[in-house]
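Peer 1: Each chain, written out:
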Amino acid sequence: MKFLFIAGIFVLVAMGSGTYVNDSDMHISNLTEYIGNTLTACNSCHVMGAVYESWYHGDHKNRAECSDCHIPHDPITKYVVKAESGIRDVTAVITGNVPEVIRTTENSQKIIQGNCLHCHEQTVGNIADSKRNDERYCFECHRTVAHGERGISLSPYQEGK
Amino acid sequence: MYINNQPVSNRGINQIFEVPAMEPDSAQWGLNFPNQYSTFLLTKTNQNRTKYGGSFPYSKLEINPRLVILYAGSGYDIDYNEERGHLNSLTDVRSIERINNKTPGTCYSCKSSDNPGLWAKMGMAEFDKTMFSELGKNINNPIGCANCHEASTMRLVVTNPALDEALKSQGKDWRTFTRQEMRTVVCANCHVEYYFAGEGKYLTFPWKNGTRIEDITAYYDNIGFKDWQHAISGAPMIKIQHPEYEMYTADSTHYRAGVSCADCHMPYTREGAAKFSTHDVKSPLLNANLACGACHRDVEYATYRAATIQSQVQMSMNVTEDALIAAIKTIKAASLKPDPDMKVLAEARQLHREAQMRWDFVAAENSMGFHNPEEALRILLSSADLARQAQLKAVQAAGSPAVIWNGSH
Amino acid sequence: MYINNQPVSNRGINQIFEVPAMEPDSAQWGLNFPNQYSTFLLTKTNQNRTKYGGSFPYSKLEINPRLVILYAGSGYDIDYNEERGHLNSLTDVRSIERINNKTPGTCYSCKSSDNPGLWAKMGMAEFDKTMFSELGKNINNPIGCANCHEASTMRLVVTNPALDEALKSQGKDWRTFTRQEMRTVVCANCHVEYYFAGEGKYLTFPWKNGTRIEDITAYYDNIGFKDWQHAISGAPMIKIQHPEYEMYTADSTHYRAGVSCADCHMPYTREGAAKFSTHDVKSPLLNANLACGACHRDVEYATYRAATIQSQVQMSMNVTEDALIAAIKTIKAASLKPDPDMKVLAEARQLHREAQMRWDFVAAENSMGFHNPEEALRILLSSADLARQAQLKAVQAAGSPAVIWNGSH
Ligand SMILES: [Ca+2]
Ligand SMILES: [Ca+2]
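Residue numbers (my numbering), protein chains in the order written: chain U, 1 to 161; chain L, 1 to 409; chain B, 1 to 409.
Hints may be right or wrong, so weigh each one.
As the list claims (entries may be wrong) - A few chain U residues facing chain B, derived, Cβ under 10 Å: (1) Val47; (2) Val145; (3) Glu149.
Think of the hints as simulated: they come from the structure by calculation, not from any bench.
All C-beta atoms, glycine included, are put in the ideal place defined by N, C-alpha and C.
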């Protein structure tokens, strides 16, 4: 945990100092934008383009933004997670170590699950029992609610536009 | 730390009335769970047909008269119907003409919510030994909540001792299974191939070597078991019965993807604000928006493909049935020859037995292949090939191609 | 450091050099599209094997000696290898021992980027009529950009006149197809069953009745066509060749779900930050993270299931091959009898022809059933059944069961 906090501070400082801001593809111009809940923060990164697009065409566009699902609602964890994933994502982009296919980590799957429940608690009270450790993720059935059908890749023709 | 992010659990199993353990009367449970109970009641009156299934109890023999030849002498050639909803189980087992005064109590094993109580009281060996007519006096309820749930916790449990023992014979203990696994295993209380072992007609699932058709065939061959002697070919036969669990869990697409029986047959539905599992268990094709729609955004795609698969399997079943009937008739003709080679004829009969066991593993499975298309087709292929080999062996036994049956059915 | 990773600002198709229409030299196109070109070059040197495919050009006959019997007399019993990457096409067609001095130019149809230019200049009839050795003088490039793309727009086009005509014979015009459709149809320039019509060896796809195996069988039966006479059974045979397109589009799961060949065989990849279609076309199993991962969150699940399907199909192929060989040997034995019933023998041969055509529709299809598992298995079942019927007919023709071949291979 301690590591995460230190790492978090590192990334926040890094972002604030503007080491890589002002780039044409990376519109993060200040700290608040990345910390904030806005879509632009995530979409500022070109590698998030495809998931942004699929979210845009998914069922939850008018209901939830990226951080509603991917960042914990609890005020403290929220920033730790942001720092942690912020460091990882930024490092990945800077070093060019972007995986060919981006997939959620187990941690973030748990976060998403928590957030589904956060909004839908009342509806699923009868069937979702978070005390049991063998619970299934909501998105194992609801495979398309968040990001639509998978594999709807942007074509290189369209991506630049 | 992330734990904080999880909401408190309030799974709706707060019971207003205390239901006694193994209570056979589902209406009692229904006081606590009106949604589950009222959907469960629908299984009584469902009548809709689908192309290959549904809830209308038509005669399978009328739809496909070839079955009369294939099952000749087994009882299934007399009365064999499409199954229907759970609440009809008692009515149907009591009115089927396969029942006679030698029928053991074992036939009630999968038909009543009285069973868990009776098994606890008298033990399964005694239950099975008692004659059907005698045992029936203690049986008043069709399938009900007690067949699947533990009253105090409402969790899913294995209630049929035969399943408990079959799992043990494979070194498995259902008490260690996850909730998602139980959503499939609970159906295996009944939707499995079984036989009656020994004089006491002890209910047994032939799973010791595994649950593939090859394993089951080896099991029966090993103990030299037969259900009946084929009335035309004379082969020692096995009647395979509803192996839904075995077929589905044989590495099928959906099983491997972590999908359970309940996901399709008891999809979540909504009454007011709360989601619950519909207990109106039936063909998911009668309910595809719910049953397939949560996972497959394009329900039309899913059902179109299901229809394609079912028609491919049906087509393949037809080819296989033709081969089996040709084998049966040719063996019969060979046996009528003045001096057939009896050793070779026995080989032909053994081939008929094996071929038909495979075909029946698909035919008696109630999804027309959908639960595991590739496995069903692979098995049918092997069945058709064995049936034709049986026919060839019969020709050899007769010593003359004149016995070859070329007719059509 | 970070800057280096950024994509060029415009990833559209702005060409630096103007590539002439139908330019056969892919290196020219490569100046504009270095990523596509450099991945394309990899198809030359790939050598990895997968369980049932891959790019190592091993002899199919050594792996499965039964093929020597099945293809007896066709040329495929002499030299038949696993295919490999696109850039080897010219080397391979020139070194295969199936080629001789009667081989027509048609054999170059799917092997060179010089073709579009040649077809435009000399017309396909002339191209096909010219002898292989003669035509070869004008052919210097293996498969290349010009086989799939229109130079000025880079859009995908049908370049093979035989495909254009085959689509027309079905009332279809590829110019109206969507981009996603073209991502499959462009492969049909080559990955399809074909035959050489008439004296001029005119390249033709037998699609007039449809592209299912039953339609193709009817087509060939109708025009009384045979590729060769079977050296053992004497049946008039058809060699089916790489019907990937036909198999895949026969209502397969992925096809129905809107997935194209390019989605799996040319998945989008990244070089630096630029995204493009890899042109290193090969087995997706060598590249599963990209090829399957874009759509399946659990790649291990997808590849495990692919392996299961392939082994089920392989198993079923074995059963079918045994049946075919038994048919071949039994027909042979019957034909050696002093006085076989020639009419019945001809029926046996016709059955052998039909059975083997079906088996070959799966065997010559290069995915070991994965492209369409249920269709592949359905077809194999019918093949095995027909092969055994051929064997029975041969017994009838001989008038004696002594001809039955019971050996194993
Ligand atoms: Ca039914
Ligand atoms: Ca290959």
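Peer 1: Confirm or reject each hint.
Peer 2: Hint-by-hint comparison with the structure:
This hint holds: Val47 of chain U has a C-beta 8 Å from the nearest C-beta of chain B, less than the 10 Å allowed. Interface hint status for Val145 of chain U: violated, as the beta-carbon distance to the closest one in chain B is roughly 14 Å, over 10 Å. Given the 10 Å rule on beta carbons, the hint for Glu149 of chain U holds: about 8 Å separates it from the nearest Cβ of chain B.
Of the numbered hints listed earlier, the single one contradicted by the structure is hint 2.
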